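Participant: One letter stands for each residue in the lines below.
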Amino acid sequence: MSGTEIVTFAVWLIAAATFILALKFLASPKTARTGNLLGAAGMALVIAWTFVSSSGMLEHWWILVVGALIGAVVGTLGARRVPMTAMPQMVAIFNGAGGGAAAVVALSEFLLGVNQRPGGELLPLVPMIATLLGAVIGGVSLTGSIVAFGKLQGLINARAVTYPGQQIVAALLLGALVVIGIVLATLTNSVPLFVLFVAIALVTGVALVMPIGGADMPVVISLLNSYTGIAVAATGFVLGNYALLIAGTLVGASGAILTQLMCTAMNRSIFNVLFGAFGAVVAGGAAAAGGEQAAREITAEDAAVLMAYGKKVIIVPGYGMAVAQAQGPVRELMDLLVAKGVDVQFAIHPVAGRMPGHMNVLLAEANVPYDRLKEMDEINDDFASADVALVIGANDVTNPAARNDAGSPIYGMPILNVDHAQNVIVLKRSMGAGFAGIDNPLYADPKTAMLFGDAKTSVASLVSGVKSA
Amino acid sequence: MTEALDPRALLDALFILVLAAFVGYEVVSKVPTMLHTPLMSGANAIHGVIVVGAMLIAATAGDFLRIILALVAITLGTINVVGGFVVTDRMLEMFKRRPGDRS
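Listed in order, the protein sequences are those of chains A and B.
According to my numbering, the stretch in the first sequence is residues 1 to 469, in order.
According to my numbering, the stretch in the second sequence is residues 470 to 572, in order.
Incorrect hints may have been included.
What the hints assert, rightly or not - Partner residues are not named here, just some residues of chain B that face chain A (Cβ under 7 Å, in silico):
1. L480
2. T502
3. I548
What the hints assert, rightly or not - Derived list of chain A stretches under chain B, where covered just means 3 residues or more per stretch with a C-beta under 8 Å from a C-beta of chain B:
4. 36–42
5. 77–83
6. 102–115
7. 198–205
8. 248–254
9. 332–345
10. 363–376
Calculated directly from the structure, the hints in this document are not laboratory data.
Since we're looking at a predicted model, the values are computed, not measured.
Backbone N, C-alpha and C define an ideal beta-carbon position, used for all residues, glycine too.
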């Protein structure tokens, strides 16, 4: 073993350690930022060493420079410019890029292997299986992530898109992938067949994510993130590169757990998320139920008085707050109420917004102190003693149907008990159904009053209402 | 696909794979909900290490097709790694200003 190889192993080891520590540190608020920087440092080290140590790299330096320049500019601009509300889809796009890169690396390795065997003999079985896995999983992750991005960005129909025979089509695609994979591994190393294999993987990614409703996209992104990790691990196996192998496996495993945690928070199984076509059937049902719910409206002044003279107000933020960028005015409202001696708390549902932790990030951005942000289990019993529950653009996570209507598609999902409060004030743009496409009986509750309008405008009028109250 | 032929090397890789899977599982199994998004995003950046794989195929790229593939892979991989770390840092930046909170 040469000196260079020894250093290579040392670099892989250091990188692997930083990646593990990065994940560990990211799991606690105090160390999270350090963790991320540590991961980036490990990454920089392994990239730099790969550049210096690989023979042939200097000859092709321009590929690296051009690719890295384009990638760095696109990545930085995307990450810097994106508004906080669009974070989830940005993560989806970055994930898709990684999956695509893994698929391309697998394809290129296959071509290299074929070029090295002019006689047409088969590629060695185990690395070939890993190559096929890298190509198929990377390909699925690429197009699946693009569809997830499109749904969250509103470029394509966010509802669960279903069509007759969809399950059969998905089964046929997967079957075709298995058959072609076996043929490539055992019978022929035909390049066109490999290209067909990748093409089917790309179609499969679209076919798997299209039938899933927009509300479930965070789970899908987390799952695709895990997939990309597995694809990267597979290419690491092929290349005999332990940095890729370890990093990919770490992300594959931790992504799978994270996906599981998210599903548990919604009381759904991963199978139900992927194949349940959540929100598609329901959209029809809700319309048939003839959705004119009787809802009581309230003026901003009355709502402000109700809160200013209450003892305890619990604010329930949701995606509506994020879209309207209302977190600043919400903080102002909190300050005013606290100054008047009102006990103000925030109730954060685990899946409020479109990503777990989404609300925490936004409210932290607006300088709302952590200790006022309560997780669901912590605060659910407090609603009964609250004078006002102020729901800002949250819908499905407050829907009592999840608790008492066994026929509701979200039945069994843990919800915030806003209906236990003395008064419920709901800020909402219109009577439209939530992201999951389900009617909310909360709005018909006599305790509930609606304040229609853009969340930022509504909160601003509440603020001036409280000032003059 | 030249180096990984040795059965011993394949077994070593398998060992690493299994152990890394257990570590990945353990390390994130207790995470507060509020950190799910940054954690997912950070993990997303870490699989951006695929850019190293892209560099390795660039190093062996002889013909035009494989040069183009390497260029595509490096571009995509760099987007993943740079964008991933920057966006995660941006999310976490919002948590940093508050000392003395519950952890």
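Participant: Run every hint past the structure and note whether it holds.
Facilitator: Status of the hints after comparison with the structure:
no.: 1; hint: L480; in the structure: violated, 10 Å
no.: 2; hint: T502; in the structure: holds, 5 Å
no.: 3; hint: I548; in the structure: holds, 4 Å
no.: 4; hint: 36–42; in the structure: holds (count 4)
no.: 5; hint: 77–83; in the structure: holds (count 4)
no.: 6; hint: 102–115; in the structure: holds (count 11)
no.: 7; hint: 198–205; in the structure: violated (count 0)
no.: 8; hint: 248–254; in the structure: holds (count 7)
no.: 9; hint: 332–345; in the structure: violated (count 0)
no.: 10; hint: 363–376; in the structure: holds (count 8)
In this structure, the hints that do not hold are numbers 1, 7, 9, in rising order.
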